[in-house]
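**Student:** Next come the chains, spelled out residue by residue.
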Amino acid sequence: NAGVTQTPKFQVLKTGQSMTLQCAQDMNHEYMSWYRQDPGMGLRLIHYSVGAGITDQGEVPNGYNVSRSTTEDFPLRLLSAAPSQTSVYFCASSYGLGRSIEAFFGQGTRLTVV
Amino acid sequence: DAKTTQPPSMDCAEGRAANLPCNHSTISGNEYVYWYRQIHSQGPQYIIHGLKNNETNEMASLIITEDRKSSTLILPHATLRDTAVYYCIVLSGGTSYGKLTFGQGTILTVHP
Chain A
148 NAGVTQTPKF QVLKTGQSMT LQCAQDMNHE YMSWYRQDPG MGLRLIHYSV GAGITDQGEV
208 PNGYNVSRST TEDFPLRLLS AAPSQTSVYF CASSYGLGRS IEAFFGQGTR LTVV
Chain B
21 DAKTTQPPSM DCAEGRAANL PCNHSTISGN EYVYWYRQIH SQGPQYIIHG LKNNETNEMA
81 SLIITEDRKS STLILPHATL RDTAVYYCIV LSGGTSYGKL TFGQGTILTV HP
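Here the protein sequences come in this chain order: A and B. End of the first sequence = 261 in our numbering, gap-free, step of one. End of the second sequence = 132 in our numbering, gap-free, step of one.
Worth flagging that the hints you see were computed from the coordinates, not collected in a lab. For every residue, glycine included, the Cβ atom is placed at its ideal position computed from N, Cα and C. Worth double-checking, as some hints may not be accurate.
Cut-off 20 angstroms, straight-line C-alpha distance, at most; resulting in silico cross-link-like pairs (SDA-like, lysine to any residue) [stated by the list, open to error]: (1) 72/B <-> 249/A; (2) 161/A <-> 231/A; (3) 23/B <-> 220/A; (4) 156/A <-> 72/B; (5) 156/A <-> 260/A; (6) 23/B <-> 206/A; (7) 23/B <-> 226/A; (8) 72/B <-> 131/B; (9) 23/B <-> 124/B; (10) 161/A <-> 210/A; (11) 23/B <-> 188/A; (12) 161/A <-> 209/A; (13) 161/A <-> 257/A; (14) 156/A <-> 206/A; (15) 156/A <-> 43/B; (16) 156/A <-> 59/B; (17) 23/B <-> 205/A; (18) 156/A <-> 249/A; (19) 156/A <-> 60/B; (20) 89/B <-> 45/B; (21) 156/A <-> 220/A; (22) 23/B <-> 62/B; (23) 156/A <-> 65/B; (24) 89/B <-> 43/B; (25) 23/B <-> 191/A; (26) 23/B <-> 189/A; (27) 23/B <-> 192/A.
Covered, in the sense of this in silico footprint (three residues per stretch, anywhere, with C-beta under 8 angstroms from a C-beta of chain B), are these stretches of chain A [as the list claims (entries may be wrong)]: (28) 156–168; (29) 208–221.
Based on the sequences and whatever the hints tell you, model everything.
**Tutor:** This is the structure we're talking about:
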């Protein structure tokens with residue numbers, strides 16, 4: 148059981164480039180979400196999804212897009228990378244309404260924008 | 021979701037109990053208290069959660085006061101591997117959609 152898998156683990160981008168951070172879970176969880184963590188800070192929610200085809204914005208959504216075409220996958224797209232998006236990105240998944248909201252996190256993607 | 025207040029840092033000797041407090045004075049009746057920890061920039065790890073009653077699992081115990089305005093996470097026999105940032109999070113079970121609001125947390129350092 149792999150849990151939540153994020154790829155890549157490390158990435159360096161130039162300003163203005165675009166890329167997609169991948170997130171996959173094999174636990175059949177309804178909820179998935181993306182967080183970013185800046186140095187010395189707690190995690191902040193970027194986007195989340197309550198099921199396939201349904202996404203919504205979190206606290207810091209600007210500059211990011213998401214889609215949820217399957218239950219398993221929840222990719223995060225950076226449209227035009229900026230140095231302010233240098234951060235560690237975490238994907239999480241959990242069961243849905245009415246069940247324990249124990250979230251499982253991936254190991255993170257460390258992104259540097261130069 | 022209710023806001024939480026935690027001390028920024030705490031120390032504990034290896035083998036002793038670590039007691040991490042959390043204040044959540046504005047918690048409402050349908051909100052749960054969750055604890056997560058993050059070890060050295062890894063993804064956060066779920067520890068325990070509770071609503072009213074005290075809870076215990078293989079990792080820790082959670083003590084919630086009768087008025088539910090505060091709680092304490094207890095690691096009964098802390099080890100060096102328990103050194104981490106501990107986050108206390110309050111959220112509604114029914115409508116939070118798995119969205120977690122992380123504050124600054126408490127940096128727990130376990131000393132030999």
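**Student:** Now look at each hint and say whether the structure bears it out.
**Tutor:** Do the hints match the structure? See the list:
no., hint, in the structure
1, 72/B <-> 249/A, "holds, 17 angstroms"
2, 161/A <-> 231/A, "holds, 12 angstroms"
3, 23/B <-> 220/A, "violated, 31 angstroms"
4, 156/A <-> 72/B, "violated, 39 angstroms"
5, 156/A <-> 260/A, "holds, 14 angstroms"
6, 23/B <-> 206/A, "holds, 15 angstroms"
7, 23/B <-> 226/A, "violated, 32 angstroms"
8, 72/B <-> 131/B, "violated, 32 angstroms"
9, 23/B <-> 124/B, "holds, 12 angstroms"
10, 161/A <-> 210/A, "holds, 15 angstroms"
11, 23/B <-> 188/A, "holds, 16 angstroms"
12, 161/A <-> 209/A, "holds, 18 angstroms"
13, 161/A <-> 257/A, "holds, 14 angstroms"
14, 156/A <-> 206/A, "violated, 23 angstroms"
15, 156/A <-> 43/B, "violated, 35 angstroms"
16, 156/A <-> 59/B, "holds, 17 angstroms"
17, 23/B <-> 205/A, "holds, 17 angstroms"
18, 156/A <-> 249/A, "violated, 23 angstroms"
19, 156/A <-> 60/B, "holds, 15 angstroms"
20, 89/B <-> 45/B, "holds, 4 angstroms"
21, 156/A <-> 220/A, "holds, 17 angstroms"
22, 23/B <-> 62/B, "violated, 24 angstroms"
23, 156/A <-> 65/B, "holds, 18 angstroms"
24, 89/B <-> 43/B, "holds, 6 angstroms"
25, 23/B <-> 191/A, "holds, 15 angstroms"
26, 23/B <-> 189/A, "holds, 14 angstroms"
27, 23/B <-> 192/A, "holds, 16 angstroms"
28, 156–168, "violated (count 0)"
29, 208–221, "violated (count 0)"
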